[in-house]
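Colleague: So the protein lines, in turn, are chains W and E. Counting along the first sequence from 1, when you hit position 194 you're at 332 in this note's numbering, and nothing is skipped either side. Counting along the second sequence from 1, when you hit position 226 you're at 245 in this note's numbering, and nothing is skipped either side.
Simulated from the structure, these hints should not be mistaken for lab results. Just so you know, not all the hints are guaranteed correct.
[What the hints assert, rightly or not] Derived PhoX-like pairs (lysine-lysine); straight-line CA-CA distance at most 25 Å:
1. K170(W) <-> K162(E)
2. K338(W) <-> K338(E)
3. K456(W) <-> K424(W)
4. K369(W) <-> K414(W)
5. K170(W) <-> K93(E)
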Amino acid sequence: MFDTDELVINMGPQHPSTHGVLRVILRLDGEKVVDCDVVIGYLHRGIEKLSENRNWTQIILLTDRMDYVAAATSNVGYCETVEKLLQLEVPRRARYVRTILMELQRIASHCLWVGTHAMDIGAMTVFLYAFRERELILDLFEEFCGARLTYNSMRVGGLPLDIPPGWDKKVLEFCDIMDSKIDEYETLLTHNRIWLERTKGIGVISGAEAIGLGLCGPALRGSGVARDVRKDEPYAAYDEMEFDIPVGTEGDTYDRYLVRMEEFRQSLRIVRQAAKGIPEGPIVGKVPRLIKPLAGETYHAIESPKGELGYFIVSDGKSTNPYRFRVRPPSFANLQGLRRLVRGHLVADVVALIGSIDIVLGEVDR
Amino acid sequence: MIDSFVIPLLKILIVLNTTLVAVTYMVLLERKVIAWAQSRLGPMRVGPYGILQPVADAVKLMIKEDITPVRADKWVFTAAPIISMVPALIVYAVIPFGPEVSLFGRKVSLYITDINVGLLYIVSVASVGVYGIILAGYASNSKYPLLASLRASAQLISYEVAVTLTLVSVILMAGTLSMVGIVRAQEAGHMWFAFVQPAAFVIFFIGGLAETNRAPFDLPEAEQELTGGFHTEYSGMRFALFFLAEYANMIVVSSVATTLFLGGWLRPFPNVAALSFLDLIPGWMWFLVKSFAFLYIFIWVRATLPRYRYDQLMRLGWKVLIPAAIANLVVTGIVRVLLLR
């Protein structure tokens, strides 16, 4: 007499909580998610194919458009890959500035994450607080390279221009401001009972399973796996920096939240060390006028705010553009975990989980 | 003739209009207070400090296209906003804004009517309002509103019980259902009921948040999950009616809380003679101040707290609030009986 039907509901691509143009098709039993299907591709611009027809310098600009909330990180990742292909030595000063930029970018990206994640769960004030501080970082970037979102802030072999006078002082001032602001976010969320109830035990995933799904970055570290490219395969100036890798224990949404909150502090620690120790010297290495790597292929990964961002580039040694350009975006890998994570949870948890894996659709679709 | 017809009609006119203006300005107040909490300015463009924003909003909503989805149940779809709005307004009939005052040599009471089952009337009328939300979600014939209306019905059942039980404790204290009578009882007892019934006060406030669909219990709306919930398919003035109803309900809950727990129009510490200079401020002002304090807390809570999940809200309602309300009621009853003996 009473038969129950599963309700198929379409979340996105226009939905306030899918962080861009993600589409999730949910099969619901009441409000419980039985299964879900993630549909991507709404932001596909063919960046990888486009890159095959651009010269090596022009591609930097395309990498901006992948993870647009952490453009500097994508820039550095690409430039380092080409440098590896060219076997080019980057001056120490450039590596230090790169480290500062990438860590500032991590803080900016995490600001956006904590804001939207909290907003998805209903705490809207954190969003505006986090954006207030993100604005300060954007100001620093504007002073460095003139842009606020898509920076095009790197060149193969070093930096496009030296840091403005007094910029490192401003970076240190920002660090002092940011310290107390992180405590402010934590006051609003970390011990909030509703926040705990909404995030604890939601989307639990074990370390082994997370590795199996290819999760990376904070989503993996939340499950207790201390994998961080900055420590495991140091690049830029990370081998000279002191920092810890926060890991979670339970592997739930709350642990992923705690990991990212601690990363805020560790990033500030790195920025402080790097900004105090910027060495003198040139900002660009010995880059040939026409970049034309020898035939060969290379893979290089860096730790973007979302996880392991890898570039695989093949050069045929003849043309001034790559033969094949392939990106391994962390958001794409993390998004694969969504289906596993949401099963058995409620609709309200779906938005919490999308926030908890911190995806940027520009990077997923490329 | 004047006493039985003209004055009540005038009072209704004044209360209705004041309420509607108050409701539109409640929206502005909320936007301003939340903006201050979030280190923003809020509306600043329309008029000085944005004080004409409600007018602009009203004009915008009225000239917007009024869409009825093709697959919607037309009659119910039209009726739902009205069912939501009307109960929110007619509740004001029994709310005592102040004691009797003399105006132009005539004794005028600052409430429309004082029926002897005032509290019962409020509870029954206020619960009709939720049908508006349930019907809106059903009539939209769309999936997100449907989920929202299911949530609304679940929420209604969980919270109405707890709230009503706290009201029963108050009735036990006052010995009357009349709203004016309850204020008089607090005057006679020299004590606001918030001090004798703290548990009931807290439960009523939490239940009030849930009943008015306010954060952290705004599940039927849940913008981030259900994209606006029950009013997803509504536009223009019909959407505005839901919006106004929500704010009107907020004012109702604040007014009822003020009357039941904070002594209505009474000044603070009505028994302390040393504070009698406070009597210079008329009763209706005290009522307004107390109600606004409540409304401010409503907004403050929204700016601060994340949202509960559907099942957690049910758990809070059934496993915490209702047992607590029953325990409070039993204790109140026993104490009353022992004291009366």
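Colleague: Confirm or reject each hint.
Modeller: Comparing the hints with the structure gives:
1. K170(W) <-> K162(E): holds, 14 Å
2. K338(W) <-> K338(E): Between K338(W) and K338(E) the Cα gap is close to 20 Å, so the pair holds against 25 Å.
3. K456(W) <-> K424(W): holds, 21 Å
4. K369(W) <-> K414(W): Holds, because 21 Å separates the two Cα atoms, which is no more than 25 Å.
5. K170(W) <-> K93(E): The given pair, whose Cα atoms are some 30 Å apart, is violated under the 25 Å limit.
Hint 5 alone, counting from the list given before, is not met by this structure.
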